[in-house]
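Each protein sequence line maps, in turn, to chains V and E.
Residue 948 is where the first sequence starts when you use my numbering, and the numbers rise one by one after that.
Residue 285 is where the second sequence starts when you use my numbering, and the numbers rise one by one after that.
By construction, these hints were calculated from the structure, which means they are not laboratory data.
It cannot be assumed that every hint is accurate.
DSBU-like mimics (lysine-lysine), calculated; alpha carbons at most 35 Å apart, straight line [to be verified]:
id: 1; chain 1: V; residue 1: Lys1298; chain 2: E; residue 2: Lys331
id: 2; chain 1: E; residue 1: Lys436; chain 2: E; residue 2: Lys362
id: 3; chain 1: E; residue 1: Lys393; chain 2: V; residue 2: Lys1298
id: 4; chain 1: E; residue 1: Lys393; chain 2: E; residue 2: Lys362
id: 5; chain 1: V; residue 1: Lys1298; chain 2: E; residue 2: Lys367
id: 6; chain 1: V; residue 1: Lys1204; chain 2: E; residue 2: Lys367
id: 7; chain 1: E; residue 1: Lys502; chain 2: V; residue 2: Lys1204
id: 8; chain 1: V; residue 1: Lys1109; chain 2: V; residue 2: Lys1123
id: 9; chain 1: V; residue 1: Lys1123; chain 2: V; residue 2: Lys1063
id: 10; chain 1: V; residue 1: Lys1298; chain 2: E; residue 2: Lys502
Where chain V lies over chain E, by a calculated footprint (3+ residues, C-beta under 8 Å) [what the hints assert, rightly or not]:
id: 11; segment: 335-341
id: 12; segment: 366-378
id: 13; segment: 381-395
For every residue, glycine included, the Cβ atom is placed at its ideal position computed from N, Cα and C.
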Amino acid sequence: MIWPHNVALSVLTLFLIALPFLYAARKPAHDLMRSLGKLADGPLRLAARWLLSAAAQMQERNKSVLLAHGEEEVGQNLAREFERVAALVKRDLEGYPALQRKLLDEITRVEEDYRKCGEVPPPAPDWVEALAAITRIKSNGNEMLQRILEQISSSVNEIHEKALAEYRRAYENRHKILDGFMPFWRSLGDNLAQADRKMTGLHERAAAIDAQMEKFEQIVAATDKAEHALTLSALTQFIVATLVMVIAAGGALINFKLIALPMSEMVGAGDYLTNTLRTSEVAALVIIFVEATMGLFLMETLRITHLFPRISSMGERMRKRMMWVAFVLLVTLAGIEAALALMRDMLIQDKQALLQSLAATQQAAAAEGWVSHIPTAGQMVLGFILPFALAFVAIPLESFMASARTVGGAALVILIRTTAFVLRAAGNVLRQASRALIVAYDIVIGVPLLIERWVRASRSTRSEDAPHREAPRAIEPVLEAGEQP
Amino acid sequence: MKRRTFVAVSALLAAPFVAGCADQRSHAHAVYLLVDTSGTYAEEIDKAQLIVNYLLGTLQSGDSLAVARVRSRSFSEKDIIAKATFDGRPSQANAQKRVLRDQVAQFTKMARGSTYTDITGGLIQGAMFLNETRAGRKTILIFSDMQEDLDKQTIRNFPIDLKDIRVVAVNVVKLKTDNVDPRRYLGRLDDWQKRVRDAGASEWHVINDIEHLDALLKG
Chain V
948 MIWPHNVALS VLTLFLIALP FLYAARKPAH DLMRSLGKLA DGPLRLAARW
998 LLSAAAQMQE RNKSVLLAHG EEEVGQNLAR EFERVAALVK RDLEGYPALQ
1048 RKLLDEITRV EEDYRKCGEV PPPAPDWVEA LAAITRIKSN GNEMLQRILE
1098 QISSSVNEIH EKALAEYRRA YENRHKILDG FMPFWRSLGD NLAQADRKMT
1148 GLHERAAAID AQMEKFEQIV AATDKAEHAL TLSALTQFIV ATLVMVIAAG
1198 GALINFKLIA LPMSEMVGAG DYLTNTLRTS EVAALVIIFV EATMGLFLME
1248 TLRITHLFPR ISSMGERMRK RMMWVAFVLL VTLAGIEAAL ALMRDMLIQD
1298 KQALLQSLAA TQQAAAAEGW VSHIPTAGQM VLGFILPFAL AFVAIPLESF
1348 MASARTVGGA ALVILIRTTA FVLRAAGNVL RQASRALIVA YDIVIGVPLL
1398 IERWVRASRS TRSEDAPHRE APRAIEPVLE AGEQP
Chain E
285 MKRRTFVAVS ALLAAPFVAG CADQRSHAHA VYLLVDTSGT YAEEIDKAQL
335 IVNYLLGTLQ SGDSLAVARV RSRSFSEKDI IAKATFDGRP SQANAQKRVL
385 RDQVAQFTKM ARGSTYTDIT GGLIQGAMFL NETRAGRKTI LIFSDMQEDL
435 DKQTIRNFPI DLKDIRVVAV NVVKLKTDNV DPRRYLGRLD DWQKRVRDAG
485 ASEWHVINDI EHLDALLKG
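Using the sequences and the hints given, assemble the complete structure.
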């Protein structure tokens, strides 16, 4: 400081001393600031471009993986639909010859019965007309003729009654036949309705296959719509699987609490693996993980999940053996857990009894009877059920693994793009800052610049008077030629 | 056959690694309770039972507890009334605690006052016991008025070793003379603090309210 007690004056004096030097160094200072701006902007711009290119490549790769995965999934769905249709066709069409035979038999029978219904009683014999001619003969009081006619009349009446009775009997039979029709008609109707239902089921399956085929075609054509749909589906799967796994983790935590204390009875409570982690707690965790693994293998061998290709491609006999081994181990571990849960209850009761005996005050006696056994029973049941519940974690785990690739890939692309944007923006900011600094520099040395301008202006006035003189040089622009603002 | 060999070799290779992962430091807590039975302080012995009960409720499997009396000469194993290192199995540990509780209860009923008070001898004995346990945390609780009174033949004026041991004076009651001149009481405690610190003790505390013991032992 020139004047230590007057800082402002000191600074002003120093500034005034530095001003001519600053004016003299204007050009190199501008170059330096411009270069620094470019130096910072160039690599950032390059890095942003590289990141964007990497993001594009990654997106392309994600798309191909997503489409391949979707193709496989939809292909499997299609295969399953075809299997269902095949089963439907096999089940229904297998019965079709019998149904057809039954229908034909019923139709034949109905036709026969119908034909029988059509049979009318035989018409009156030809002699009826001869008889009618005889009846027209006039007796004229001839007794013999009268008697003959009476006999003919009685015979005709008798025959008429017989014919009438025959006619009635025939109609009665036809009515009976028509009555017999009814069950066949009903059966026919039922059979036709059944056939219709089956055909409708087949039709619905065919519609589902059509939808799947359309999806499959879109995936094969690698359309944006298919990609979008698959990404959305993966995101939904990811969220649902995560949610289910969080719930399962809660179950595992309860499971851990159930068996951690009694495990200390097996492996001791005084050993530590880390500063705070007891060996008994690790042992309890190991048991839970083994249960989850057994559940995983069980699901794999049941072909519900497909996390291990080796298990999927295993022979049928070996697969079944492995399934039984996993199941037996799971049941055994569940049994052990139930026993540990019981032991936990006993240990807690023992500890409570000890603490009560150590306490100075007399504690109220716990309620005896079957009610007091409910928590114990509940713990045992929970200890037995939870391993099986944990076994089902394999299903959301598979979904999680499958969808995590897509979701993670998409998130990474977004992250890379954001980084690229930030780098690009930072580069721009630095470049603009260098320009701002150049302007600020000129503002600082404003007074000498004004003098320079004034001198130039006066020179240019003189040059107008003397046109052969050299034209005045303009003040250097802030931006160089070709540089974009 | 090759596969079996591979599995066996993997298990053998993994075993030392897993064993190496184990935390070798001791997490056990060993407590040595010195109970003063001399003079008028013998009247306070019922409170000692409360402290023992509290310790039994607090200490875990693997921890150790010893209860010893302070008599005219306390540097002797015979002065240890009851001791136990609690089993790793909680059920066994509970059984040990019950036995220890009964032993201390019997002692409090039968205890007789001694003529002199040898706290230093008890401290040396306690330090030896605690070091033998190899526990990670070692605490000596002195249930006394901290007024040492030795006969002429007993020699205790030499440096003692209480390295890495926490020493807590519990229920340090004021004597009649302390009431006349409190500086005697404070001076007595300061002398003990200096002596214990010089002996290499990690901490020195005075707790007159037994309820404050909880926070200290858990800390």
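Against the structure, the hints:
no., hint, in the structure
1, V/Lys1298 with E/Lys331, "23 Å, holds"
2, E/Lys436 with E/Lys362, "22 Å, holds"
3, E/Lys393 with V/Lys1298, "26 Å, holds"
4, E/Lys393 with E/Lys362, "18 Å, holds"
5, V/Lys1298 with E/Lys367, "20 Å, holds"
6, V/Lys1204 with E/Lys367, "32 Å, holds"
7, E/Lys502 with V/Lys1204, "22 Å, holds"
8, V/Lys1109 with V/Lys1123, "21 Å, holds"
9, V/Lys1123 with V/Lys1063, "11 Å, holds"
10, V/Lys1298 with E/Lys502, "19 Å, holds"
11, 335-341, "holds (count 4)"
12, 366-378, "holds (count 6)"
13, 381-395, "holds (count 3)"
The structure fails none of the hints (numbered hints given earlier).
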